[in-house]
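Each chain, written out:
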Amino acid sequence: MLFHTWVFAVFFLIVFPVYLLVKNNNRWMNLWLMIASYVFYGWWNPSYLLLLFGTSAIDYLMVVFMEKSESKRTKKLWLIISLVSNFGFLAFFKYSHFITDNINWIFTHLHWGVQLPDPVAYPNWAISLFGGGQGWLFTAVVLPIGISFHTFQSMSYTIDAYYGNIQTERSFVRFLTFVSFFPQLVAGPIERASNLLPQLQGRPVITRDDVVNGMALFLVGFFKKVALADYLALYVDKVYGAPGDHQSGALLLATIAFAWQIYFDFSGYTDMARGLAQIMGFRLMLNFNNPYVATGLGDFWGRWHISLSTWFKDYVYFPLGGNRKGKSRTYFNMFVTMLISGIWHGAAWTFVIWGLLHAIGRIGTRELESAAWYRERVPRFVKQVLVFSFVCLAWIFFRAPTVTDAWTILTRMFTTGWGDPQFPVLMGVLIVVVWLYEELFANGPRTRSWLEGDVVRVGMAAAMVLWLAVVAQPSTQSFIYFQF
Amino acid sequence: MSNPEEPTTSNALQLTVRQWAGIAVFAAAVYLLVPAAWQRAEKLESGPEYRLPYELANDYWLWSRVAAQAVTDHDTVILGDSVVWGEYVRPAETISHYLNALEGKTSYANLGVNGTHPTALAGLIEHHGKAISGKRVILQCNPLWMSSPKHDLREQEEFQFLHPKLVPQFRPSIPCYRKETSERLGYIVERNMPFNGWSTHVQTAYYGSTSIPKWTLEHPYENPFKPITLKLPPPSDELRHEAVSWSVRGITRQNMPWVDLAGSLQWKSFQRLVELLEKRGNSVFVLVGPFNEHLLTDASRVKYSELKRGIEDWLKERKIPYYAPEALPSEQYGDASHPLSAGYALLAKQLLATGLLAAK
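For the record, the sequence lines run as chains Z and Y.
Quick note on the numbering used here: the first sequence kicks off at 73 and runs consecutively.
Quick note on the numbering used here: the second sequence kicks off at 20 and runs consecutively.
Simulated from the structure, these hints should not be mistaken for laboratory data.
Because the structure is a prediction, the values reported are computed rather than measured.
Cβ atoms here follow ideal geometry from the backbone N, Cα and C, with glycine treated the same way.
The reader is advised that the hints may include incorrect statements.
[What the hints assert, rightly or not] Okay, derived cross-link-like pairs now, BS3-like style, lysine-lysine, Cα gap no bigger than 30 Å in a straight line:
(1) Z:Lys385 <-> Z:Lys140
(2) Y:Lys287 <-> Y:Lys149
(3) Z:Lys310 <-> Y:Lys198
(4) Y:Lys245 <-> Z:Lys310
(5) Z:Lys310 <-> Y:Lys233
[Said to hold, decoys possible] A few chain Z residues that face chain Y, going by a derived Cβ cut-off under 7 Å, partial list only:
(6) Thr77
(7) Val79
(8) Leu306
(9) Val497
(10) Ala534
(11) Val543
Just chain Z, with the same shape it has in the complex (with noise of 0.2 Å):
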């Protein structure tokens, strides 16, 4: 179910008003956000429950068991059983035929005659061991949608109780709805059990702050998502459909055109999703903070995907030692946490191509960034357009099918003519707004607080629902980080 289409608004007129009746019992609360997540969840495909269910039995079970356990050795035990359930079924669901596509390869290349089998082999034949008929269940592994996102929401809350950080959740429904709450499952933000499990557990106020911020947010989300995004998806797909058919302007338009296009589709549902929340009572935590600003590229993770990188600097980052380990071991963790965020958005070499990007870029210009000269003497706008250039460079591995379409689109930018792009004067034009809107709201509260007159905000949003009224299709387009 997509937020922006007419399924959504229905599913929502039910499970609003019915929420707004339960909401003061905290067990119907829990009971019915959960039902309603779950049809939400399922409306894809009913079977992804299983999977949606068993991550969490296993993971609330695991907790239950480390507060029994006496000593820290079993306590241990249940973690690393939580953390090898969590990363097997993504393992298997989504890197199996990336890891056996590649070990493959190998074989081929050393003439061993061998080959692995495909990845759905294995379910069915542990099936077949208890009387069940090949490919009763599986035929194919299909990657569940959103399932690096609940996978990582429910690995915190483990993670976290095995540290003492957060308290045991008592209720198997509640924590049920923490996994799966429906307006941030299936593409964030990754929520954290000490921000999310203290809202269910209480009985939400619903202010009538909550309710027009929510609304606003889920306006400005819907506007990215269905104008910007999808907008910008006709030229992406066109030329990234065809790299060898397209010279240098229309490649490098094409890859500005995607930077802003993923920043859209991803922030745009992001915003949707914490409005709804917020129209709900709930507070979910901010995930994008006009990241085209960045001055760094530690700034623009700072402002990129922020539930994602903070869960990498917690648990990751963090346990690996992060910087109080001299020089070379923080570089050596910030290269392996960007690595690990490369291979979390991807199974495919492109991913880890773009990891692998970011991480030299952060370990490359980390001394720049923090040089006195660098930060006081390179203009700002300087800083901004090397950032959003290196990003852009690392996006073309990220959109590219493959790693021979990347190298395609990257070697013609620079050796073909700039042709004629095709580039809608419009796209171009709505970029450079949002670009300056984003700029005069970051740059000081001067120019911040012009925005925030009542003029520029409700002709704001009285142009956004004249646009989508008038000129943006319906759309039933996925999001990008669905995929994920």
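Let chain Z serve as the given structure and place chain Y on it in line with the hints.
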């Protein structure tokens, strides 16, 4: 442990309740006033030979305006698919033209829309045809839509058929119709919100049936609002196909399977349409066919005769005046169901000769 920032907005768009109320009033005004204002600004070409331009066949908002105009200028409207519209003929060679010419008046209006099979036609009249309520209607029944399970929309396999926005979106269920629930709900909204119909009209009439964003991709350096000239494309006087008979065209005789009338989805839709028109106070006259029986194999022709008899029996039973002519001469057909100009002329003559139209 890093502290996720306190929830704030990453933008400045926070509105007060009063400002939201203002936006709601603005949106409501746009939704209500724009379609009405547009009707005043955009001149609608009409006249005795007017028919909806072919490329605007999916513009139901425009069709409803044309229908409203037609009932003020003419006594009788003719409803149907491309047989009424005139697939192989010019506007001045259609059935409405010859009826008008023979009567020496401009009594008949051509409201035919290409591709409106009975299920779509029922939807067109139900959702966009309120303007013709209480008027005299000649309703053409084209048996072609019952010539095979595919035409009857009863194939189990999904396929794209014409006018999906007009068919029932959920009940009765159409086996081959597999659009996503969201799209179906969107179609229902469009039927009931004139603004959405208007928005589709703008895209159909001025942007070549594509959305404005897609149009900019084809015309990257042009002003995206330039095509809105408020001048509708005029009905073309050019032939869509060469006006030659089916045999010259190289069409061979066909063994159409025909469906059983009792289980036919299209026939049920046609019955529903007749009932709807009667309920709305329309005086309904049904014209069955005339189908090109010359194109059928002997076995198929027998099945067709049974089907035609079934249609007539139901019309008789419901006391609905109708005319189910014999097939026109073979050379007067362009294909299985579309007459050529001479065929329309002959049909008009026959129709008036029955006296049934005058009696109404």
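Outcome of the hint check:
1. Z:Lys385 <-> Z:Lys140: 29 Å, holds
2. Y:Lys287 <-> Y:Lys149: 21 Å, holds
3. Z:Lys310 <-> Y:Lys198: 25 Å, holds
4. Y:Lys245 <-> Z:Lys310: 24 Å, holds
5. Z:Lys310 <-> Y:Lys233: 11 Å, holds
6. Thr77: 4 Å, holds
7. Val79: Holds: closest Cβ of chain Y sits about 4 Å from Val79 (chain Z), inside 7 Å.
8. Leu306: 5 Å, holds
9. Val497: 6 Å, holds
10. Ala534: 5 Å, holds
11. Val543: 5 Å, holds
The structure fails none of the hints (numbered hints given earlier).
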